[in-house]
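Kindly generate the complete structure, drawing on both the sequences and the hints.
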Amino acid sequence: MGGYDRLTVVGSSTIIRRPQIGIGTPMANRAAEATRPHAVLLDLGGVIVDIDPLACFDSWAQAAGVDVGAIAPRWAVDDAYKAFEVGAIDFDGYLDSLSRRLGISLTRTQWQTGWNELLRDLFEDVARLLPLVAAELPLYVFSNTNPVHQEAWLSRFASALTPIRKIYTSWEVALRKPNVEAYLAVADDIGVAPTDILFVDDNAENVAGGKAAGLDARLVRTPAETVALLRGLLGE
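Sequential numbering from 583 applies to the sequence shown in this note's numbering.
If you're looking for bench data, these hints aren't it; they were derived computationally from the structure.
It cannot be assumed that every hint is accurate.
[Stated by the list, open to error] Per label pair, the in silico range of CB-to-CB distance:
{"hint": "1", "residue 1": "Ala652", "residue 2": "Leu766", "range": "37 to 43 Å"}
{"hint": "2", "residue 1": "Ala810", "residue 2": "Thr689", "range": "43 to 49 Å"}
{"hint": "3", "residue 1": "Asp632", "residue 2": "Glu787", "range": "16 to 22 Å"}
{"hint": "4", "residue 1": "Ser687", "residue 2": "Glu818", "range": "31 to 37 Å"}
{"hint": "5", "residue 1": "Gly675", "residue 2": "Ala637", "range": "20 to 26 Å"}
{"hint": "6", "residue 1": "Ala652", "residue 2": "Asp778", "range": "46 to 52 Å"}
[Said to hold, decoys possible] No farther apart than 20 Å at their CA atoms in a straight line, the calculated lysine to aspartate or glutamate pairs in the EDC-like style are these:
{"hint": "7", "residue 1": "Lys664", "residue 2": "Glu763"}
{"hint": "8", "residue 1": "Lys748", "residue 2": "Glu787"}
{"hint": "9", "residue 1": "Lys664", "residue 2": "Glu733"}
{"hint": "10", "residue 1": "Lys664", "residue 2": "Glu787"}
{"hint": "11", "residue 1": "Lys748", "residue 2": "Glu733"}
{"hint": "12", "residue 1": "Lys793", "residue 2": "Glu807"}
{"hint": "13", "residue 1": "Lys793", "residue 2": "Glu763"}
{"hint": "14", "residue 1": "Lys748", "residue 2": "Glu763"}
{"hint": "15", "residue 1": "Lys664", "residue 2": "Asp674"}
{"hint": "16", "residue 1": "Lys664", "residue 2": "Asp634"}
{"hint": "17", "residue 1": "Lys748", "residue 2": "Asp770"}
{"hint": "18", "residue 1": "Lys793", "residue 2": "Asp778"}
{"hint": "19", "residue 1": "Lys664", "residue 2": "Asp678"}
{"hint": "20", "residue 1": "Lys664", "residue 2": "Glu754"}
{"hint": "21", "residue 1": "Lys748", "residue 2": "Asp778"}
Cβ atoms here follow ideal geometry from the backbone N, Cα and C, with glycine treated the same way.
Given below as C-alpha coordinates:
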(Lines of atoms letter the chains of each structure in order from A and count residues from 1; the text may use other names and numbers.)
(Lines give C-alpha, C1' and ligand atoms only; values in the text may rest on other atoms or scores of the structure.)
Protein backbone atom coordinates (compact mmCIF):
# COMPACT_ATOMS: atom_id res chain seq x y z
CA MET A 1 0.00 0.00 0.00
CA GLY A 2 1.43 1.74 -0.23
CA GLY A 3 3.53 9.66 1.30
CA TYR A 4 3.97 16.93 1.55
CA ASP A 5 4.33 21.50 0.97
CA ARG A 6 1.57 23.90 0.07
CA LEU A 7 0.06 26.89 -1.66
CA THR A 8 1.73 30.24 -1.15
CA VAL A 9 -0.29 32.67 0.95
CA VAL A 10 0.21 36.41 0.61
CA GLY A 11 1.74 37.74 3.83
CA SER A 12 0.12 40.44 5.93
CA SER A 13 2.94 42.88 5.17
CA THR A 14 2.17 42.53 1.48
CA ILE A 15 -1.46 43.27 2.14
CA ILE A 16 -0.55 46.45 4.00
CA ARG A 17 1.89 47.74 1.39
CA ARG A 18 -0.01 46.64 -1.68
CA PRO A 19 -3.69 46.36 -0.80
CA GLN A 20 -4.55 46.13 -4.48
CA ILE A 21 -3.02 42.62 -4.62
CA GLY A 22 -4.04 41.49 -1.16
CA ILE A 23 -6.15 38.45 -0.42
CA GLY A 24 -9.66 38.89 -1.70
CA THR A 25 -8.76 41.23 -4.58
CA PRO A 26 -9.28 40.09 -8.19
CA MET A 27 -5.54 39.88 -8.92
CA ALA A 28 -4.84 37.78 -5.83
CA ASN A 29 -7.82 35.56 -6.56
CA ARG A 30 -6.61 34.96 -10.10
CA ALA A 31 -3.10 34.13 -8.86
CA ALA A 32 -4.45 31.70 -6.25
CA GLU A 33 -6.70 30.09 -8.84
CA ALA A 34 -3.76 29.67 -11.21
CA THR A 35 -1.80 27.66 -8.62
CA ARG A 36 -4.75 25.70 -7.24
CA PRO A 37 -4.88 22.05 -8.33
CA HIS A 38 -7.90 20.79 -10.21
CA ALA A 39 -7.83 17.48 -8.33
CA VAL A 40 -6.13 15.97 -5.28
CA LEU A 41 -4.80 12.40 -5.40
CA LEU A 42 -3.72 10.82 -2.11
CA ASP A 43 -1.92 7.61 -1.30
CA LEU A 44 -3.73 5.46 1.26
CA GLY A 45 -1.23 3.53 3.40
CA GLY A 46 1.10 5.89 5.22
CA VAL A 47 -0.98 8.95 4.31
CA ILE A 48 -4.56 8.21 5.44
CA VAL A 49 -4.10 4.85 7.15
CA ASP A 50 -1.20 3.81 9.38
CA ILE A 51 0.56 0.63 8.27
CA ASP A 52 3.08 -1.61 10.04
CA PRO A 53 4.76 -4.38 8.00
CA LEU A 54 6.44 -5.78 11.12
CA ALA A 55 3.01 -6.65 12.51
CA CYS A 56 2.59 -9.10 9.62
CA PHE A 57 5.85 -10.85 10.41
CA ASP A 58 5.06 -10.97 14.13
CA SER A 59 1.77 -12.72 13.38
CA TRP A 60 3.30 -15.22 10.97
CA ALA A 61 6.28 -15.95 13.22
CA GLN A 62 3.99 -16.68 16.15
CA ALA A 63 1.79 -18.94 14.02
CA ALA A 64 4.83 -20.79 12.66
CA GLY A 65 6.58 -21.02 16.03
CA VAL A 66 9.73 -19.27 14.82
CA ASP A 67 11.56 -16.09 15.72
CA VAL A 68 10.42 -13.05 13.76
CA GLY A 69 14.06 -12.28 13.03
CA ALA A 70 14.27 -15.50 11.06
CA ILE A 71 11.63 -14.47 8.52
CA ALA A 72 11.37 -10.67 8.35
CA PRO A 73 14.73 -10.15 6.58
CA ARG A 74 13.75 -12.67 3.90
CA TRP A 75 10.76 -10.70 2.67
CA ALA A 76 11.07 -8.44 -0.37
CA VAL A 77 9.00 -6.59 -2.93
CA ASP A 78 9.73 -9.35 -5.43
CA ASP A 79 8.20 -10.27 -8.77
CA ALA A 80 5.43 -12.30 -7.13
CA TYR A 81 4.48 -9.40 -4.85
CA LYS A 82 4.35 -6.99 -7.77
CA ALA A 83 2.32 -9.49 -9.79
CA PHE A 84 -0.18 -9.77 -6.94
CA GLU A 85 -0.47 -5.98 -6.75
CA VAL A 86 -1.30 -5.68 -10.45
CA GLY A 87 -3.81 -8.52 -10.43
CA ALA A 88 -1.62 -10.91 -12.43
CA ILE A 89 -1.82 -13.63 -9.76
CA ASP A 90 -4.29 -14.31 -6.96
CA PHE A 91 -3.66 -14.51 -3.21
CA ASP A 92 -3.07 -18.26 -3.27
CA GLY A 93 -0.51 -17.83 -6.02
CA TYR A 94 1.29 -15.19 -4.01
CA LEU A 95 1.18 -17.31 -0.84
CA ASP A 96 2.93 -20.16 -2.64
CA SER A 97 5.80 -17.80 -3.41
CA LEU A 98 5.75 -16.18 0.03
CA SER A 99 5.87 -19.52 1.83
CA ARG A 100 8.97 -20.52 -0.10
CA ARG A 101 10.63 -17.14 0.43
CA LEU A 102 10.04 -17.07 4.19
CA GLY A 103 10.62 -20.79 4.68
CA ILE A 104 7.44 -21.40 6.67
CA SER A 105 4.15 -23.22 6.05
CA LEU A 106 0.87 -21.83 7.38
CA THR A 107 -2.82 -22.30 6.73
CA ARG A 108 -4.47 -19.82 4.40
CA THR A 109 -6.31 -18.33 7.38
CA GLN A 110 -3.05 -17.80 9.26
CA TRP A 111 -1.48 -16.15 6.23
CA GLN A 112 -4.46 -13.86 5.72
CA THR A 113 -4.69 -12.93 9.40
CA GLY A 114 -1.06 -11.86 9.38
CA TRP A 115 -1.39 -10.17 5.99
CA ASN A 116 -4.15 -7.90 7.26
CA GLU A 117 -2.18 -7.01 10.39
CA LEU A 118 -0.44 -4.51 8.10
CA LEU A 119 -3.44 -2.20 8.46
CA ARG A 120 -3.39 -0.38 11.77
CA ASP A 121 -5.58 2.66 12.42
CA LEU A 122 -6.67 5.79 10.64
CA PHE A 123 -4.60 8.91 10.98
CA GLU A 124 -7.55 10.67 12.59
CA ASP A 125 -6.28 14.22 12.08
CA VAL A 126 -5.91 13.51 8.37
CA ALA A 127 -9.27 11.75 8.11
CA ARG A 128 -11.06 14.72 9.68
CA LEU A 129 -9.81 16.96 6.88
CA LEU A 130 -10.93 14.73 4.01
CA PRO A 131 -14.54 15.96 3.84
CA LEU A 132 -13.35 19.57 4.03
CA VAL A 133 -10.92 19.10 1.15
CA ALA A 134 -13.53 17.16 -0.84
CA ALA A 135 -15.93 20.08 -0.49
CA GLU A 136 -13.36 22.30 -2.22
CA LEU A 137 -11.68 19.99 -4.74
CA PRO A 138 -12.28 16.57 -6.33
CA LEU A 139 -10.53 14.10 -4.03
CA TYR A 140 -9.15 10.73 -5.13
CA VAL A 141 -6.96 7.92 -3.77
CA PHE A 142 -4.37 5.84 -5.65
CA SER A 143 -2.95 2.89 -3.71
CA ASN A 144 -0.55 0.08 -4.53
CA THR A 145 -2.62 -2.68 -2.99
CA ASN A 146 -4.33 -6.01 -3.56
CA PRO A 147 -7.88 -7.39 -3.27
CA VAL A 148 -7.29 -8.92 0.17
CA HIS A 149 -6.12 -5.67 1.73
CA GLN A 150 -8.75 -3.71 -0.18
CA GLU A 151 -11.54 -5.81 1.27
CA ALA A 152 -10.12 -5.22 4.75
CA TRP A 153 -9.66 -1.45 4.54
CA LEU A 154 -12.96 -0.87 2.77
CA SER A 155 -14.67 -2.72 5.59
CA ARG A 156 -12.81 -1.01 8.42
CA PHE A 157 -12.55 2.53 7.08
CA ALA A 158 -15.61 2.86 4.83
CA SER A 159 -17.01 5.87 6.68
CA ALA A 160 -13.73 7.81 6.63
CA LEU A 161 -13.29 7.12 2.91
CA THR A 162 -16.76 8.36 1.97
CA PRO A 163 -15.48 11.80 0.83
CA ILE A 164 -13.21 10.13 -1.74
CA ARG A 165 -14.73 10.49 -5.20
CA LYS A 166 -12.96 7.39 -6.53
CA ILE A 167 -10.33 4.99 -5.22
CA TYR A 168 -7.81 3.68 -7.74
CA THR A 169 -6.00 0.47 -6.83
CA SER A 170 -2.97 -0.98 -8.57
CA TRP A 171 -4.55 -4.40 -8.92
CA GLU A 172 -7.58 -2.94 -10.73
CA VAL A 173 -5.60 -0.45 -12.83
CA ALA A 174 -3.11 -3.29 -13.54
CA LEU A 175 -0.24 -0.85 -13.00
CA ARG A 176 1.80 0.02 -9.90
CA LYS A 177 3.35 3.21 -8.71
CA PRO A 178 6.02 4.39 -9.54
CA ASN A 179 5.30 3.31 -13.14
CA VAL A 180 4.69 6.55 -15.07
CA GLU A 181 1.95 4.83 -17.06
CA ALA A 182 0.05 4.19 -13.82
CA TYR A 183 -0.26 7.90 -13.06
CA LEU A 184 -1.17 8.73 -16.64
CA ALA A 185 -3.91 6.09 -16.63
CA VAL A 186 -5.35 7.51 -13.41
CA ALA A 187 -5.13 11.10 -14.66
CA ASP A 188 -6.87 10.09 -17.88
CA ASP A 189 -9.71 8.47 -15.97
CA ILE A 190 -10.05 11.49 -13.68
CA GLY A 191 -10.18 13.69 -16.75
CA VAL A 192 -7.63 16.20 -15.48
CA ALA A 193 -4.23 16.99 -16.95
CA PRO A 194 -1.40 15.50 -14.86
CA THR A 195 0.04 18.98 -14.26
CA ASP A 196 -3.23 19.98 -12.57
CA ILE A 197 -3.23 17.07 -10.10
CA LEU A 198 -1.71 17.37 -6.64
CA PHE A 199 -0.38 13.93 -5.70
CA VAL A 200 0.61 13.10 -2.12
CA ASP A 201 2.57 9.98 -1.14
CA ASP A 202 4.88 8.88 1.68
CA ASN A 203 7.18 6.91 -0.64
CA ALA A 204 9.99 8.85 -2.34
CA GLU A 205 10.07 6.54 -5.37
CA ASN A 206 6.33 6.99 -5.89
CA VAL A 207 6.71 10.76 -5.66
CA ALA A 208 9.52 10.65 -8.21
CA GLY A 209 7.31 8.60 -10.51
CA GLY A 210 4.49 11.08 -10.09
CA LYS A 211 6.78 13.96 -10.98
CA ALA A 212 8.03 12.09 -14.04
CA ALA A 213 4.40 11.74 -15.13
CA GLY A 214 3.92 15.50 -14.75
CA LEU A 215 1.96 15.55 -11.49
CA ASP A 216 2.56 18.08 -8.73
CA ALA A 217 3.88 15.31 -6.49
CA ARG A 218 4.60 15.94 -2.80
CA LEU A 219 6.42 13.73 -0.32
CA VAL A 220 5.03 13.45 3.20
CA ARG A 221 6.81 11.65 6.03
CA THR A 222 4.40 12.16 8.94
CA PRO A 223 0.67 12.68 9.48
CA ALA A 224 1.49 16.20 10.69
CA GLU A 225 3.00 17.00 7.28
CA THR A 226 -0.09 15.66 5.54
CA VAL A 227 -2.33 17.74 7.78
CA ALA A 228 -0.28 20.87 7.07
CA LEU A 229 -0.49 20.25 3.33
CA LEU A 230 -4.26 19.69 3.39
CA ARG A 231 -4.82 22.72 5.59
CA GLY A 232 -2.83 24.73 3.07
CA LEU A 233 -5.28 23.66 0.39
CA LEU A 234 -8.06 24.98 2.59
CA GLY A 235 -6.29 28.30 3.00
CA GLU A 236 -5.64 27.76 6.69
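> Is the gap between the beta carbons of alanine 810 and threonine 689 within 43 to 49 Å?
Replying inline: 44 Å Cβ-Cβ, so the 43 to 49 Å window holds.
> lysine 793 and glutamate 763: Cα distance at most 20 Å?
Replying inline: Roughly 12 Å separates the two Cα atoms, so the pair holds.
>> Given a hint of 37 to 43 Å, does the C-beta separation of alanine 652 and leucine 766 actually sit inside it?
In response: 41 Å, holds
>> Tell me if the straight-line CA distance from lysine 748 to aspartate 770 falls inside 20 Å.
In response: Status holds; Cα separation ~13 Å.
> Keeping to a limit of 20 Å between CA atoms, is the pair of lysine 664 and aspartate 634 held or broken?
Replying inline: Roughly 19 Å separates the two Cα atoms, so the pair holds.
> Is the Cα-Cα distance between lysine 748 and glutamate 733 20 Å or less?
Replying inline: Holds, at about 15 Å.
> Okay, serine 687 versus glutamate 818 on CB: inside 31 to 37 Å?
Replying inline: 52 Å Cβ-Cβ, so the 31 to 37 Å window is violated.
>> Check whether the Cα positions of lysine 793 and aspartate 778 lie no farther apart than 20 Å.
In response: Measuring from Cα to Cα gives roughly 12 Å; hence the hint holds.
> For the pair supplied as a hint, lysine 748 and aspartate 778, is the alpha-carbon distance within the 20 Å limit?
Replying inline: 17 Å, holds
>> Would the hint linking lysine 664 and glutamate 754 be met if the CA-CA limit is 20 Å?
In response: With a Cα-Cα distance of about 13 Å, the restraint between lysine 664 and glutamate 754 holds, given a limit of 20 Å.
> Keeping to a limit of 20 Å between CA atoms, is the pair of lysine 664 and glutamate 733 held or broken?
Replying inline: 18 Å, holds
>> Against the 20 Å threshold, does the CA-CA distance of lysine 748 and glutamate 787 hold or violate the hint?
In response: Roughly 23 Å separates the two Cα atoms, so the pair is violated.
In the structure shown, a violation is registered for the earlier hints numbered 4 and 8, in ascending order.
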